[in-house]
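S.K.: Hey, can you work out the whole structure from these sequences and the hints?
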Amino acid sequence: MILHIIENEEWFKAKELGIYMPPSLKVEGFIHCSTFEQSIEVANLFFEGFKNLLILCIDPAKLESKYVYEDLIQSGKLYPHIYGPLNLDAVIKVVEFPVSSNGKFTDLPEDIQLLLNK
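Residues 0 to 117 (numbering that gives the first Met the number 0) make up the sequence shown, in order.
None of these hints come from the bench; they were simulated from the model. Since we're looking at a predicted model, the values are computed, not measured. Hints should not be assumed to be uniformly reliable.
Claimed, not checked - No more than 25 Å apart at the CA atoms, straight line, and that leaves these computed lysine to any residue pairs for SDA-like:
#, residue 1, residue 2
1, 50, 20
2, 25, 80
3, 25, 8
4, 65, 100
5, 50, 0
6, 65, 106
7, 92, 51
8, 65, 16
M.R.: The following block contains the structure:
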């Protein structure tokens, strides 16, 4: 399972369209994702202070677009990238991702932690 952090409004638009194509797909050619272990770090780097965020839990086996784990910034970490639109049936769970009072993310929501333990 891979995760993607998204603003609530973007997810609403994707559901209306029946497919998700964020700006990064046009600009960089892929959709940024993360593993469970990477998600808090990614959230604090790119979404600190954001409200109304969701985490999409994606089953890579259901993706219609190619996905690759790669290190494009020579960080020593491999991040999952989806090279094409995200078909919504690959999203197996959508979970609210609340920010703490200091604007930081400290833990993944309990619903996602339960998925880890399955």
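S.K.: Holds or violated: residue 25 with residue 8, Cα cutoff 25 Å?
M.R.: holds (19 Å)
S.K.: Sort out whether residue 100 lies within 25 Å of residue 65, counting only the CA atoms.
M.R.: violated (37 Å)
S.K.: Given the proposed pairing of residue 50 with residue 0, does the C-alpha separation stay at or below 25 Å?
M.R.: holds (24 Å)
S.K.: Compare the distance between the alpha carbons of residue 50 and residue 20 with 25 Å, and conclude whether the hinted pair is satisfied.
M.R.: Given pair residue 50, residue 20 holds - Cα atoms ~21 Å apart, limit 25 Å.
S.K.: Within a Cα-Cα threshold of 25 Å, do residue 65 and residue 16 meet the stated pairing?
M.R.: holds (20 Å)
S.K.: Within a Cα-Cα threshold of 25 Å, do residue 92 and residue 51 meet the stated pairing?
M.R.: holds (16 Å)
S.K.: Taken at face value, is the distance from the CA of residue 80 to the CA of residue 25 at most 25 Å?
M.R.: Since the Cα atoms of residue 25 and residue 80 sit roughly 13 Å apart, the hinted pair holds (cutoff 25 Å).
S.K.: Is residue 65 close enough to residue 106, meaning Cα to Cα at most 25 Å?
M.R.: Given pair residue 65, residue 106 is violated - Cα atoms ~29 Å apart, limit 25 Å.
Comparing the model with each earlier hint shows violations of hints 4 and 6; every other hint is respected.
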